[in-house]
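If you want the building blocks of each chain, they are given just below.
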Amino acid sequence: MAEHNQTVAPRLTLQGISKRYAGVVANEGIDLQVSAGEIHAVLGENGAGKSTLMKIVSGVTRPDAGRIEWDGHPVVFHGPADARRLGIVMVFQHFSLFETLTVVENIALATGERMTMAQLAARITGISTRYGLPIDPHRLVHSMSVGERQRVEIVRCLLQQPKLLILDEPTSVLAPQAVRVLFETLRRLAHEGMSILYISHKLDEIRELCDTATVLRNGVVVGTAVPREQSNAGLARLMVGRELPACRLEARAPGAVQLELINLSRTADDPFGTSLRALCLRVRAGEIVGIAGVSGNGQKELQSAISGETPLQEAGAIRLCGQQAGRLTVSTRRAMGLRFVPEDRLGRGAVPDMSLTDNCILTGARAAGSRGGFVRRGLLQRRAARAFARETIDQYAVKCEGERSLAASLSGGNLQKFIVGREIRLAPRVMLVAQPTWGVDINASLRIRQALIDLRNQGAAVLVISEELDELYMICDRLAVVAAGRLSQALPTVQLPPDTVGVWMTGEFDAATASDGHAG
Amino acid sequence: MTIDTWVTIAASAVGAATPLTYAALGEVVTERAGVLNLGVEGMMLVGAMAGFAVGIMTGSLWLAYLAAALGGAMIALLFAVLTLSLQTNQVATGLALTLFGIGLSAFAGRGFVGMPIARVPLLHLPGLSDLPVLGRLLFSYDLPVYGSLVMCAAIAWFLQRTRAGLRLRAVGEQPGAAHALGEPVIRIRYLAALFGGAMSGIAGAYLSTAVTPMWAEGMSAGRGWIALALVVFGTWRPWRVLGGAYLFGLVTVLQLYAQGLGIHIPSEFLSMLPYIATIVVLVFVCRDGRTILLNQPASLGRSFHPGA
Amino acid sequence: MPQRHRMAMPAENHWWPWRLERRSRPSALMRLASSPLAAVAMIICGFVALRFIGIDPIAAFKVFFVEPVSSLYGVGELLLKATPLMLCALGLAPGYRANVWNIGAEGQFTIGAIVGAGIGLFFNSQLGAATLPLMLLGGIAGGMAWAAIPAFLRLRFHTSEIFVSLMLVYIAQLLLSWLVHGPWRDPAGQNFPQSPPLPDSATLQPLFEGARVNIVFLIGLGLAAAFWWFERFTAAGFRLRVGGLAPAAAAYAGISERRNVWLALMISGGAAGLAGISEVAGPIGMLQPVVSPGYGFAAIIVAFVGRLHPFGIVLSSLLMSALYLGGESAQVELQLPSSVTGLFQGTLLFFLLAAELFIHFRLRPVART
Chain G
1 MAEHNQTVAP RLTLQGISKR YAGVVANEGI DLQVSAGEIH AVLGENGAGK STLMKIVSGV
61 TRPDAGRIEW DGHPVVFHGP ADARRLGIVM VFQHFSLFET LTVVENIALA TGERMTMAQL
121 AARITGISTR YGLPIDPHRL VHSMSVGERQ RVEIVRCLLQ QPKLLILDEP TSVLAPQAVR
181 VLFETLRRLA HEGMSILYIS HKLDEIRELC DTATVLRNGV VVGTAVPREQ SNAGLARLMV
241 GRELPACRLE ARAPGAVQLE LINLSRTADD PFGTSLRALC LRVRAGEIVG IAGVSGNGQK
301 ELQSAISGET PLQEAGAIRL CGQQAGRLTV STRRAMGLRF VPEDRLGRGA VPDMSLTDNC
361 ILTGARAAGS RGGFVRRGLL QRRAARAFAR ETIDQYAVKC EGERSLAASL SGGNLQKFIV
421 GREIRLAPRV MLVAQPTWGV DINASLRIRQ ALIDLRNQGA AVLVISEELD ELYMICDRLA
481 VVAAGRLSQA LPTVQLPPDT VGVWMTGEFD AATASDGHAG
Chain X
1 MTIDTWVTIA ASAVGAATPL TYAALGEVVT ERAGVLNLGV EGMMLVGAMA GFAVGIMTGS
61 LWLAYLAAAL GGAMIALLFA VLTLSLQTNQ VATGLALTLF GIGLSAFAGR GFVGMPIARV
121 PLLHLPGLSD LPVLGRLLFS YDLPVYGSLV MCAAIAWFLQ RTRAGLRLRA VGEQPGAAHA
181 LGEPVIRIRY LAALFGGAMS GIAGAYLSTA VTPMWAEGMS AGRGWIALAL VVFGTWRPWR
241 VLGGAYLFGL VTVLQLYAQG LGIHIPSEFL SMLPYIATIV VLVFVCRDGR TILLNQPASL
301 GRSFHPGA
Chain B
1 MPQRHRMAMP AENHWWPWRL ERRSRPSALM RLASSPLAAV AMIICGFVAL RFIGIDPIAA
61 FKVFFVEPVS SLYGVGELLL KATPLMLCAL GLAPGYRANV WNIGAEGQFT IGAIVGAGIG
121 LFFNSQLGAA TLPLMLLGGI AGGMAWAAIP AFLRLRFHTS EIFVSLMLVY IAQLLLSWLV
181 HGPWRDPAGQ NFPQSPPLPD SATLQPLFEG ARVNIVFLIG LGLAAAFWWF ERFTAAGFRL
241 RVGGLAPAAA AYAGISERRN VWLALMISGG AAGLAGISEV AGPIGMLQPV VSPGYGFAAI
301 IVAFVGRLHP FGIVLSSLLM SALYLGGESA QVELQLPSSV TGLFQGTLLF FLLAAELFIH
361 FRLRPVART
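Residue numbers (our numbering), protein chains in the order written: chain G, 1 to 520; chain X, 1 to 308; chain B, 1 to 369.
Worth double-checking, as some hints may not be accurate.
[Unchecked claim] Computed footprint of chain B on chain G, listed as stretches where at least three residues anywhere in the stretch have a Cβ under 8 Å from a Cβ of chain B:
#: 1; region: 305–319
#: 2; region: 339–348
#: 3; region: 357–368
#: 4; region: 372–384
Read the hints as simulated data drawn from the structure, not as lab findings.
All residues carry an ideal CB built from backbone N, CA and C; glycine is no exception.
Make the full structure from the sequences, and use the hints.
Here it is, written out as structure tokens:
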């Protein structure tokens with residue numbers, strides 16, 4: 001699809017782009033070229049410097065060194081507006097849409113053009129029908145699903161008639177069918193001459209969609225490739241720098257039911273939230289059950305219902321280790337053996353401005369097995385907590401300056417290892433983990449996944465909620481899907497083809513009932 | 001009780017409501033941009049003092065109101081520099097602004113205590129003002145009263161119908177996203193804070209030139225805080241805030257007339273009414289947590305740092 | 001979850017030759033230095049202002065900070081005035097750490113004064129030697145009861161404790177005014193709005209001859225040590241801190257917001273109530289329409305200037321007390337209005353808030369491109 005023309009300068013050329021944050025290298029001497037009509041992948045694992053590079057290209061961040069050329073002429077961006085003037089537009093990974101505004105208001109903010117809301121609404125409808133991205137311009141954004149929001153974001157970008165469109169992990173929020181539709185749209189845009197920078201760490205997608213790929217590792221370019229001519233393994237080796245060991249999940253007979261949801265329903269407290277409708281699920285000792293689904297379909301509400309952060313009205317809707325637990329507080333559920341790793345690690349799983357020691361006291365106040373018990377008779381047991389923090393750091397290879405480091409000073413992956421380690425070391429009988437490896441580099445991801453498998457092998461019941469389907473297939477014994485606040489039945493992973501999961505993600509399934517739970 | 005008395009009560013209620021209206025409307029704009037300025041009381045006092053002093057010295061009410069608006073904006077600027085450029089805690093800084101404003105106005109206004117000033121003149125609209133009942137109820141106020149209604153309409157239009165208003169709301173909802181779109185978040189917040197300060201200043205001037213035409217230390221007596229509560233009561237919408245201000249004006253005035261109405265309660269208890277009413281009203285509005293969640297600008301009171 | 005990348009300074013600020021850069025870790029030096037720096041900046045700023053209105057700064061400095069403490073009596077007064085500030089601020093600090101913004105200490109102070117004085121005035125003869133301790137306890141209970149209102153309303157109706165506690169200040173003051181103008185007025189008081197004087201057995205006696213400072217100052221110091229221990233070593237103190245630093249983490253860890261809000265408001269209400277009764281049973285000796293020159297509000301500044309640390313608060317309450325005394329002597333000798341104290345207080349807090357920035361940030365010259 002790329003129509004290379006050697007006599008014409010590439011649309012975008014980067015030369016020697018470097019950027020450091022507080023002494024940490026994010027990008028170092030990066031070279032990259034994109035031509036008109038080319039879909040160019042920027043490939044790298046989390047933390048490789050992809051996002052920083054794209055912020056530089058879109059004018060949000062200024063590089064410390066290096067040169068940017070546009071159609072052969074050097075340019076300097078003083079802000080996103082400068083880049084936008086040239087036709088560089090970015091679809092954000094986590095859409096920067098305003099919840100309380102309508103679609104047309106959101107788009108009006110992004111396009112500097114002078115036109116009335118009515119005119120703009122008409123143009124939105126025009127573009128959205130032309131590219132097969134149906135949206136209603138007058139809807140409030142907070143009432144829209146993640147997929148719909150992405151459409152708004154893309155339409156917003158297209159309205160500005162971009163010459164270079166940047167997409168940052170656009171498929172992480174989409175069900176597989178929606179990915180097909182998106183790719184169709186992107187191919188069409190490229191065919192019309194638009195350049196596309198496509199950032200991802202998903203190798204299949206890149207091989208399917210992109211003409212060329214630039215691979216980043218630790219902030220530097222480690223190679224360029226034509227993805228169609230490469231195998232997944234080859235690209236992965238380039239991205240990670242070595243062969244990856246795989247996790248091993250050996251068959252194991254599960255034990256007694258430790259966590260059970262029985263027709264769990266709950267109206268969302270948050271006006272922007274999802275209500276849960278009659279969820280049923282059983283998780284047994286010694287198995288990992290995964291819940292897949294596109295984010296915003298009730299995962300958050302489900303987590304806080306199980307963790308006890310928002311207790312239910314009906315005691316019987318959740319059974320924990322054989323007891324009714326729906327109305328119990330977080331502390332009581334913890335005392336019964338529930339441990340939880342939330343998706344937001346900084347600010348929820350850990351207090352940013354407290355030391356790692358204090359962050360162990362946070363959830364280790366009560367004794368759990370032979371550990372924990374960092375509060376006795378109302379007093380803090382700092383010495384015990386310090387030892388526990390030190391051991392966790394060693395055992396899970398957490399990179400930090402020691403147990404006195406503030407949680408905020410750790411990188412995302414290291415903090416996640418610490419939190420997972422902390423919860424596992426507090427002897428869970430039931431472990432709930434949300435997005436275990438979100439934003440975590442590959443090495444840390446492997447370690448975390450292996451830790452969860454080890455925990456299962458020791459007989460804990462593990463429930464993993466994740467948007468990464470690959471990950472769920474790697475570590476789960478059984479898999480269910482959540483869509484629009486409903487939960488499918490959980491089938492053994494080996495019997496459940498990914499295509500079926502894709503269909504389920506759109507809500508096309510018969511919800512699990514309480515009797516399914518008995519069968520499972 | 002004659003109709004005449006009721007008309008008098010209604011007319012005084014409008015007078016008592018006007019300073020609340022100005023201050024609360026200004027704060028609506030400030031808060032819609034995501035800035036929580038709790039220093040309204042201090043800004044009102046500075047405005048009251050500046051307006052009164054300039055009024056006495058120049059004899060011009062126009063200059064008096066201009067000075068009040070400038071005075072309010074100047075100390076709002078102090079707040080803005082601290083919270084927006086230096087990233088200080090907005091709650092703490094707002095409290096500091098209140099204490100500072102009380103001290104500054106008392107200090108600078110010490111020479112003006114006890115001096116008399118002519119009240120802002122009431123407008124006489126030929127024909128209209130002479131209508132029976134309606135003339136006094138609707139057409140016999142001073143210019144600032146009508147000005148407050150115009151401001152309310154203008155702010156409602158600005159926020160809901162203009163692109164600039166849209167940008168301001170966007171900055172208040174998700175400053176990070178607005179920044180990514182190239183909006184000058186800090187600059188917009190500065191302007192919103194200055195506007196709020198100017199409006200509080202005008203509110204103060206109306207106190208010292210119309211409600212009680214004189215200057216006394218701490219004369220706002222908690223009205224700045226009531227105005228802040230009115231913003232919550234009005235769920236950050238100008239017309240509702242205006243309605244709330246009139247309701248409070250009525251409560252304030254009724255307690256003054258209560259004795260005349262034959263209600264014999266110690267005056268202290270009657271004076272408590274506006275404060276009690278504030279609490280009651282807040283409880284009423286906030287009792288369903290979602291009302292606030294849905295209406296409050298999402299980034300209200302949080303610092304935003306565009307770079308690092 | 002993606003790492004939140006720091007965004008670059010936007011182009012709008014390129015005229016500003018420096019930019020703020022977050023330190024990789026908070027500066028320990030600035031943590032200690034910010035309050036003294038703010039105090040020095042306030043003094044410089046204040047004297048430049050005085051110079052401007054024609055007062056010799058050196059003379060003013062003497063009048064403000066030297067003369068008031070140049071006698072034993074003066075030192076006693078310094079400690080006496082520091083006492084209510086210290087008590088109120090010690091009480092407020094744990095709440096501010098926990099994101100519980102009680103700004104109505106002035107009201108809790110007033111109610112504490114009323115309840116305590118009521119015990120002293122009406123039950124003195126029955127209670128005998130127990131009067132004074134019971135008055136102090138009554139003051140604490142009164143302040144707690146007044147602080148219970150914003151606590152209850154916040155937890156039951158999501159009502160901001162900032163507004164409620166503040167409105168209750170005005171209500172408390174009007175209540176006191178009614179009492180001393182009406183039912184509790186001294187029949188022998190020539191129609192002055194004040195209660196009968198408290199009997200000797202219901203009055204705090206000076207610690208030493210020739211000064212007015214009383215035992216409550218020592219109680220305040222004891223409380224400072226107790227609060228320090230509480231915040232550092234107890235689980236309840238830890239929970240308050242977590243609640244303030246990261247509310248979502250508190251909910252995740254099962255820390256009860258209800259318990260935190262109640263605890264914070266009971267501590268601050270009780271401490272303010274104790275301060276209130278101590279003023280009435282100490283230097284004032286009776287109820288009058290105004291029992292506090294704004295101690296409850298000034299305590300907010302004291303708490304921040306003390307960086308919410310109990311020992312810092314002890315020091316900052318002495319500084320603030322010196323400002324009060326200085327303001328009084330400046331009133332007499334330099335004919336400055338008493339409001340100059342308020343002005344200094346506000347300025348001090350501004351400087352402190354600005355100085356705190358440099359604990360987490362530093363200024364870096366912008367690299368010219």
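**Report entry** Per-stretch coverage check for the region 305–319 of chain G, three Cβ contacts closer than 8 Å to chain B
**Finding:** holds (count 3)
Query raised in the report: Checking C-beta pairs, does the region 372–384 of chain G have three or more residues closer than 8 Å to chain B?
Result: Since 4 is at least three, the answer is holds.
Query raised in the report: Are three or more residues of the region 339–348 of chain G within 8 Å, CB to CB, of chain B?
Result: holds (count 7)
Query - Outcome, coverage of the region 357–368 of chain G by chain B - at least 3 residues whose beta-carbon is closer than 8 Å to one in that chain - result: holds (count 5)
In terms of the numbered hints stated before, the structure departs from none.
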